[in-house]
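Chains A and B, in that order, give the protein sequences.
Residue numbering for the first sequence follows the numbering used here, starting at 1 and increasing by one per position.
Residue numbering for the second sequence follows the numbering used here, starting at 1 and increasing by one per position.
Hint data in this document are derived by calculation from the structure and do not stem from the laboratory.
Take these hints with a grain of salt, some might be off.
Partial list, derived from the structure: chain A residues whose beta carbon lies under 7 Å from chain B [unchecked claim]:
#: 1; residue: 16
#: 2; residue: 101
#: 3; residue: 102
#: 4; residue: 115
#: 5; residue: 127
Quantities reported herein were computed from a predicted structural model and do not represent experimental measurements.
Ideal Cβ positions, reconstructed from N, Cα and C, are used throughout, including at glycine.
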Amino acid sequence: MKTLEQSFSLHVPSSTQNLVMIREFIGRVGEQAGLADGDRNKLELAVDEACCNVIEHAYGNDARKEVTVRAHFDADLLRISVIDTGVGFEPSAVEQPELGELIRQRRHGGLGMRLIQKLMDEVRYEIEPGKKNELTMVKRVRPSE
Amino acid sequence: MANEFSVTRSTEGEITLLALEGFLDAHTAPDFEAAVQQEIDAGHTHLIVDAQELTYISSAGLGVFMGFIEEVREAGGDLKICGLQPSVREVFDLLGFDALFDIEADRASATARFSETPSGGTS
Numbered sequence: 001m002k003t004l005e006q007s008f009s010l011h012v013p014s015s016t017q018n019l020v021m022i023r024e025f026i027g028r029v030g031e032q033a034g035l036a037d038g039d040r041n042k043l044e045l046a047v048d049e050a051c052c053n054v055i056e057h058a059y060g061n062d063a064r065k066e067v068t069v070r071a072h073f074d075a076d077l078l079r080i081s082v083i084d085t086g087v088g089f090e091p092s093a094v095e096q097p098e099l100g101e102l103i104r105q106r107r108h109g110g111l112g113m114r115l116i117q118k119l120m121d122e123v124r125y126e127i128e129p130g131k132k133n134e135l136t137m138v139k140r141v142r143p144s145e
Numbered sequence: 001m002a003n004e005f006s007v008t009r010s011t012e013g014e015i016t017l018l019a020l021e022g023f024l025d026a027h028t029a030p031d032f033e034a035a036v037q038q039e040i041d042a043g044h045t046h047l048i049v050d051a052q053e054l055t056y057i058s059s060a061g062l063g064v065f066m067g068f069i070e071e072v073r074e075a076g077g078d079l080k081i082c083g084l085q086p087s088v089r090e091v092f093d094l095l096g097f098d099a100l101f102d103i104e105a106d107r108a109s110a111t112a113r114f115s116e117t118p119s120g121g122t123s
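Start from the sequences, fold in the hints, and give me the full structure.
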């Protein structure tokens, strides 16, 4: 039976306090899209990381700003977009040192983008400076056996 | 709907155990970071983080382990990890933490590792 196309969106103030709400929203969407448990966990983590980057870097922890999460799925694909209007960046210019190097530098961060790439099937950034930044992540729907 | 997370501290000889429970994300990581910093400030560098009751971790939580491990090992200690649930373990392994951290099945084996390789060693 084919899954009907469905779209959902969530708008939340840009605060880490709302990460739990974002994960719950994404978990429900993943469930409705028919994702297996393991893939749903990966999806929740990837979206948590993406939103966290927006909250901390694009908006500098300013809770007056808003993070938008859009989800769209059909029988084959689940596509999530995380959208902000904060400070943009050039994804290809972001250095991603190996874990050993981050440890030597005593860094407490720097793993988020790499984690998103490992967790999702496709990752795409669209940065329009001063207008909109959109990170789109795709997960193929592979239902539980 | 709260981000539920707690750190419970106990000691066993010169080893400090930090038991984590709940969700370790960017909102709760500062609590964990403060708990580890407090131990280092007090000169306690034989640390075991028991994650048996930890149900979720994001990179903000992993960053706490990453940020302190050099300091702890330089002081002659280590920060060993035990009791990871499979879904949490998967995140550690995805990023290669298994090669650089001493990750043990449970408290007993993590404690035993301190007498074998007090500092660092993941072999």
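Do the hints match the structure? See the list:
| no. | hint | in the structure |
| --- | --- | --- |
| 1 | 16 | holds (4 Å) |
| 2 | 101 | violated (11 Å) |
| 3 | 102 | holds (6 Å) |
| 4 | 115 | holds (5 Å) |
| 5 | 127 | violated (21 Å) |
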